[in-house]
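*Asks:* From first to last, the protein sequence lines are chains W and P.
Numbers 0 to 509, taken from numbering that gives the first Met the number 0, label the letters of the first sequence in order.
Numbers 0 to 509, taken from numbering that gives the first Met the number 0, label the letters of the second sequence in order.
Careful, some of the hints might be misleading.
If several chains are the same, the list does not tell them apart, and a pair holds so long as it fits within one copy or across any two.
[Claimed, not checked] Restricting the straight-line Cα-Cα distance to at most 30 Å, the calculated cross-link-like pairs of lysine-lysine (DSS-like) are:
no. : residue 1 : residue 2
1   : Lys14     : Lys298
2   : Lys354    : Lys310
3   : Lys229    : Lys394
4   : Lys258    : Lys91
5   : Lys91     : Lys298
6   : Lys46     : Lys229
7   : Lys314    : Lys79
8   : Lys258    : Lys66
9   : Lys21     : Lys79
10  : Lys314    : Lys409
11  : Lys66     : Lys409
12  : Lys422    : Lys379
13  : Lys79     : Lys22
14  : Lys52     : Lys482
15  : Lys21     : Lys121
16  : Lys163    : Lys404
17  : Lys104    : Lys318
No lab work stands behind these hints: they were computed from the structure.
Protein chains: 2
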Amino acid sequence: MPNHHSEYSQVMRVKPFDIEAKKLVSILSHTDAVELGVFPLDRVELKNLRNGKKIVTVVDVTKTMVKQDELGIFKDVKEKLGVRSGDRIEVKPAAKPDSVGFIKKKLDGETLGEQELFAIVKGIQSNELSEIETSAFVSAVYMHGYTLDETVAMTRAMASGGKKLKLSRGPVLDKHCIGGINGRTTMIVVPIIAAAGYVIPKTSSRSITSAAGTADAMEVVANVCLSLEKIKTITEKIGGVIVWGGALDLAPVDDEIIKIEHTFSMDPVGQVIASVMSKKASVGSEYIVIDLPVGPEVKIQGREIAEELAKKFIKVGDKLGMRVEAILTDGTEPCGSAFGPALEAKYVMEILEGKFFDNLAQKSCELAGALFELVGRTKKGRGFALAKEILDSGKALQKMQEIIKAQGPKCLHSNEIALSKMKKEIRSAVSGEINSINLRECINIARIAGAPADEKAGLFLHVQVEERIKKGQPLFTIFAENKRKLQLAVKYAKKSCVVETRRMVLEKFQ
Amino acid sequence: MPNHHSEYSQVMRVKPFDIEAKKLVSILSHTDAVELGVFPLDRVELKNLRNGKKIVTVVDVTKTMVKQDELGIFKDVKEKLGVRSGDRIEVKPAAKPDSVGFIKKKLDGETLGEQELFAIVKGIQSNELSEIETSAFVSAVYMHGYTLDETVAMTRAMASGGKKLKLSRGPVLDKHCIGGINGRTTMIVVPIIAAAGYVIPKTSSRSITSAAGTADAMEVVANVCLSLEKIKTITEKIGGVIVWGGALDLAPVDDEIIKIEHTFSMDPVGQVIASVMSKKASVGSEYIVIDLPVGPEVKIQGREIAEELAKKFIKVGDKLGMRVEAILTDGTEPCGSAFGPALEAKYVMEILEGKFFDNLAQKSCELAGALFELVGRTKKGRGFALAKEILDSGKALQKMQEIIKAQGPKCLHSNEIALSKMKKEIRSAVSGEINSINLRECINIARIAGAPADEKAGLFLHVQVEERIKKGQPLFTIFAENKRKLQLAVKYAKKSCVVETRRMVLEKFQ
Numbered sequence: 000m001p002n003h004h005s006e007y008s009q010v011m012r013v014k015p016f017d018i019e020a021k022k023l024v025s026i027l028s029h030t031d032a033v034e035l036g037v038f039p040l041d042r043v044e045l046k047n048l049r050n051g052k053k054i055v056t057v058v059d060v061t062k063t064m065v066k067q068d069e070l071g072i073f074k075d076v077k078e079k080l081g082v083r084s085g086d087r088i089e090v091k092p093a094a095k096p097d098s099v100g101f102i103k104k105k106l107d108g109e110t111l112g113e114q115e116l117f118a119i120v121k122g123i124q125s126n127e128l129s130e131i132e133t134s135a136f137v138s139a140v141y142m143h144g145y146t147l148d149e150t151v152a153m154t155r156a157m158a159s160g161g162k163k164l165k166l167s168r169g170p171v172l173d174k175h176c177i178g179g180i181n182g183r184t185t186m187i188v189v190p191i192i193a194a195a196g197y198v199i200p201k202t203s204s205r206s207i208t209s210a211a212g213t214a215d216a217m218e219v220v221a222n223v224c225l226s227l228e229k230i231k232t233i234t235e236k237i238g239g240v241i242v243w244g245g246a247l248d249l250a251p252v253d254d255e256i257i258k259i260e261h262t263f264s265m266d267p268v269g270q271v272i273a274s275v276m277s278k279k280a281s282v283g284s285e286y287i288v289i290d291l292p293v294g295p296e297v298k299i300q301g302r303e304i305a306e307e308l309a310k311k312f313i314k315v316g317d318k319l320g321m322r323v324e325a326i327l328t329d330g331t332e333p334c335g336s337a338f339g340p341a342l343e344a345k346y347v348m349e350i351l352e353g354k355f356f357d358n359l360a361q362k363s364c365e366l367a368g369a370l371f372e373l374v375g376r377t378k379k380g381r382g383f384a385l386a387k388e389i390l391d392s393g394k395a396l397q398k399m400q401e402i403i404k405a406q407g408p409k410c411l412h413s414n415e416i417a418l419s420k421m422k423k424e425i426r427s428a429v430s431g432e433i434n435s436i437n438l439r440e441c442i443n444i445a446r447i448a449g450a451p452a453d454e455k456a457g458l459f460l461h462v463q464v465e466e467r468i469k470k471g472q473p474l475f476t477i478f479a480e481n482k483r484k485l486q487l488a489v490k491y492a493k494k495s496c497v498v499e500t501r502r503m504v505l506e507k508f509q
Numbered sequence: 000m001p002n003h004h005s006e007y008s009q010v011m012r013v014k015p016f017d018i019e020a021k022k023l024v025s026i027l028s029h030t031d032a033v034e035l036g037v038f039p040l041d042r043v044e045l046k047n048l049r050n051g052k053k054i055v056t057v058v059d060v061t062k063t064m065v066k067q068d069e070l071g072i073f074k075d076v077k078e079k080l081g082v083r084s085g086d087r088i089e090v091k092p093a094a095k096p097d098s099v100g101f102i103k104k105k106l107d108g109e110t111l112g113e114q115e116l117f118a119i120v121k122g123i124q125s126n127e128l129s130e131i132e133t134s135a136f137v138s139a140v141y142m143h144g145y146t147l148d149e150t151v152a153m154t155r156a157m158a159s160g161g162k163k164l165k166l167s168r169g170p171v172l173d174k175h176c177i178g179g180i181n182g183r184t185t186m187i188v189v190p191i192i193a194a195a196g197y198v199i200p201k202t203s204s205r206s207i208t209s210a211a212g213t214a215d216a217m218e219v220v221a222n223v224c225l226s227l228e229k230i231k232t233i234t235e236k237i238g239g240v241i242v243w244g245g246a247l248d249l250a251p252v253d254d255e256i257i258k259i260e261h262t263f264s265m266d267p268v269g270q271v272i273a274s275v276m277s278k279k280a281s282v283g284s285e286y287i288v289i290d291l292p293v294g295p296e297v298k299i300q301g302r303e304i305a306e307e308l309a310k311k312f313i314k315v316g317d318k319l320g321m322r323v324e325a326i327l328t329d330g331t332e333p334c335g336s337a338f339g340p341a342l343e344a345k346y347v348m349e350i351l352e353g354k355f356f357d358n359l360a361q362k363s364c365e366l367a368g369a370l371f372e373l374v375g376r377t378k379k380g381r382g383f384a385l386a387k388e389i390l391d392s393g394k395a396l397q398k399m400q401e402i403i404k405a406q407g408p409k410c411l412h413s414n415e416i417a418l419s420k421m422k423k424e425i426r427s428a429v430s431g432e433i434n435s436i437n438l439r440e441c442i443n444i445a446r447i448a449g450a451p452a453d454e455k456a457g458l459f460l461h462v463q464v465e466e467r468i469k470k471g472q473p474l475f476t477i478f479a480e481n482k483r484k485l486q487l488a489v490k491y492a493k494k495s496c497v498v499e500t501r502r503m504v505l506e507k508f509q
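With the rest of the complex left out, here is chain W:
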């Protein structure tokens, strides 16, 4: 509804509140709101009569916080208006931003055009939209989904709002895992790819619900908080980086949207793809392998959704000029034996050092191999062998050490990585064959023990699926840096079913 009062205004004195509201809000008394004809979530334009600065804010109405003729504002608005003591502010009703209307369209099940999605992303990023409005948008996307074109447009919109990495050499390769699983393939794939002469500027996240994110594990061996300029320099020089992407401002709106999705565990397919691809677009990735682990305890629990995601990733990549390969991987059991930043980092360094070759090493070479095939370095079916050759030769380890040194070294070898001395071994109460290992329970125990905040805390598995074990044999060790957390983790581990053994007792009769 158009607001017909826009020529009527009131001059008010400021009552500042010394907090950050993030969103741009004006707090009006009930009386003033009626006088101006505005309601909560309507907009008013504020103009500082001393310096002429203007800003449009969302209206909040209170009966207690401000008196009549007082305008309550928070730090953010105060700064934007350059408010000094005694300033008087002209307040007048303003139209809602167009983005509110576009959100309504999406609520109504209509398809949005590129400009409309750009307007919504801009509205979220500039704090023009309230959390209530952003939540309605995320809910609408969850319920109605995105068309392919909408996904592409949203990817562009989210990338356009952030910073960009522009490398002087290429081709730029990348990988991404739709998470929920342990094991740091990135720390193996990146040095293999870089050792082969390609460019791979990998930005990673910290843990959300796992025992460690790639950024958490990498931080054990190197500094991961690098500026975009530094990332550019290192990548151009040595081919790869593994850094924390969180502070780089690559697609800032994504975080706002993810926060709301997280509340309801909403993962609308189109938004997941836009979220990943916008960050890839921001760093200029051209060849991308997407790892989609499928299993009961990871993010993607069914083949069907995995296949739908895989196909859409490829199509969206295509529209954005990126070559994408999506790989469905086995997410039913742990990938490697480590859970927690230091444990996972140490484990990965041991693989790079050639100490063993397990399912994590296997998967990493598959992913790196897929990239080699995608970029045309090898024929189809030959990528894995090349990746394994680079790993076995020690070149990947050498490249990883170069990367660590360039980022700011902490540890160059697995034996330099310290684990917590406070630990507890959990032994099997029975003999038998291991039927399954519950990934989620391993993660839960590692988290209760303090991971990822306590980097030396976590869990290490001593057994594998299908292994025959004897009663009293160690199943796993819990590491903690704090006695209380160790006790809680052990208590939890004893109650939960981490390792399931079979063929013990089929039935009992009395």
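Once you have looked at the hints, place chain P on chain W.
*Replies:* Chain P in isolation, oriented as in the chain W frame:
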């Protein structure tokens, strides 16, 4: 996702912020949030270690507002925990309320049961749910709608959270208009019904987007801010009241929901019905007439939606043990000639005084007549005549004066109601027959002139549809209490097409 950290906690010092947040929020530093394993919109339980008081709050994470080991809280939380200077608070992760899961169910298109809707309503009312979560719920309801059973359950849930009016005599009659039109039928229907010996405790709203709500117009002649006790006493004694329902706390959650709906002009049918019926249930109404004006400028713009609403109102009423009649009325032209609190109050008093009988009087007698038929006072088809008889006899006026005196009198006769002396007559630029009068434009002009905040401001029509007029003849008068507002309203009136005349010039050739 269950939170497995619930036994781990941290003790923190309080940093209070002197504002009302309405929602129960804890502000944590980024470091502490990681340590506790919580994210924005997760929950933490706070326990004041001095007095043992506990409360569950929503998590907000900041990098600037609080330092590590500091817990930021607002007034509401401070009061609930009885925080004094130096108190230390134990903070530990808590499960999200069940209501969050129920909102997710609704987002997924599932039907909610009565207990689930009760939990959501309780979550909104107790401020347990964040605005983001409430917005997702309202959006889900908008997109998926309610089943009949859900509407009934939501009505009960919203009514149960508020106060109740329990009258010692009955039957209790009521009326409701799904708004957007001028004319105060309530101020005519209530005295007619009460004069006939029935009980009608009418709670009304103030204007939202119109020139005056019933509460605004009634306030010109009487006090409308009455306690529930006072409403009970007056209604039992004289049969009727016309009061402002906004502060009675009858179905408090409704306001929260309406705030979000208003943002996107969302009016999901089921929620509209639950909103109206919960308030009727709270005052114990048994026989209800619902007025559904249909027209291009009012809330209900199509016959189909009106019919759907009508049928659902009746069914929901049935399930709640209320007899409902829904009446589709003509909302294509103004109802009466007045726009604005004082103008509408004066106009209604003149009808009660028998000075004229226009379309507003006609509609009021139809509504009152429908109630007479519904409660069995007259046969079908005889209600209108009885209502008109009571109006014509002066008994309705007499009852209205009793009501005014009981509520706290301001004016007992139309001639005591003062209008603004500052006014401007708008005259016709042409001769012809009046084809239509734009209801929305009349309201817009009245609002720009200051209504409803300035009670003597508004617009008064001098012409009717199908009336033949001459060039220069007065079309309407704008009243204002402030020179600037009068100028703005006149300027707007001259640009807009309030009155459309026809048969003037059919075509011009050159």
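*Asks:* Give a verdict on every hint.
*Replies:* Against the structure, the hints:
For the homomeric pair Lys14 and Lys298, neither the shortest alpha-carbon distance inside one copy (47 Å) nor that between copies (37 Å) is at most 30 Å. For the homomeric pair Lys354 and Lys310, neither the shortest alpha-carbon distance inside one copy (37 Å) nor that between copies (75 Å) is at most 30 Å. For the homomeric pair Lys229 and Lys394, the shortest alpha-carbon distance inside one copy (23 Å) is at most 30 Å, but the shortest distance between copies (87 Å) is not. Taking identical chains as interchangeable, the C-alpha atoms of Lys258 and Lys91 lie at most 30 Å apart only when they sit on different chains, with a minimum of 20 Å there against 32 Å within one chain.
In this assembly of identical chains, Lys91 and Lys298 lie within 30 Å of each other by CA distance solely across copies; the values are 26 Å between and 47 Å within a copy. Taking identical chains as interchangeable, the C-alpha atoms of Lys46 and Lys229 are never at most 30 Å apart, the minima being 41 Å within one chain and 45 Å between chains. When the C-alpha separation of Lys314 and Lys79 is checked against a cutoff of 30 Å, the pair qualifies neither within a copy, at 42 Å, nor between copies, at 53 Å. In this homomeric assembly, Lys258 and Lys66 come within 30 Å of each other (Cα to Cα) only across copies, at 22 Å, whereas the closest approach inside a single copy is 34 Å.
For the homomeric pair Lys21 and Lys79, the shortest alpha-carbon distances inside one copy (12 Å) and between copies (25 Å) are both at most 30 Å. Taking the shortest alpha-carbon separations for Lys314 and Lys409, neither the intra-copy value of 41 Å nor the inter-copy value of 71 Å comes in at or below 30 Å. Taking identical chains as interchangeable, the C-alpha atoms of Lys66 and Lys409 lie at most 30 Å apart only when they sit on different chains, with a minimum of 27 Å there against 57 Å within one chain. In this homomeric assembly, Lys422 and Lys379 never come within 30 Å of each other (Cα to Cα): the closest approach is 46 Å inside a single copy and 85 Å across copies.
In this assembly of identical chains, Lys79 and Lys22 lie within 30 Å of each other by CA distance both inside one copy and across copies; the values are 12 Å within and 26 Å between. In this assembly of identical chains, Lys52 and Lys482 lie within 30 Å of each other by CA distance solely across copies; the values are 27 Å between and 56 Å within a copy. Taking CA atoms no more than 30 Å apart as the test, Lys21 paired with Lys121 passes in both settings, with 15 Å inside one copy and 28 Å between copies. Taking the shortest Cα distances, Lys163 and Lys404 sit within 30 Å of each other inside one copy (24 Å), while across copies they are farther apart (72 Å).
Taking the shortest alpha-carbon separations for Lys104 and Lys318, only the intra-copy value of 24 Å comes in at or below 30 Å, while the best inter-copy value is 34 Å.
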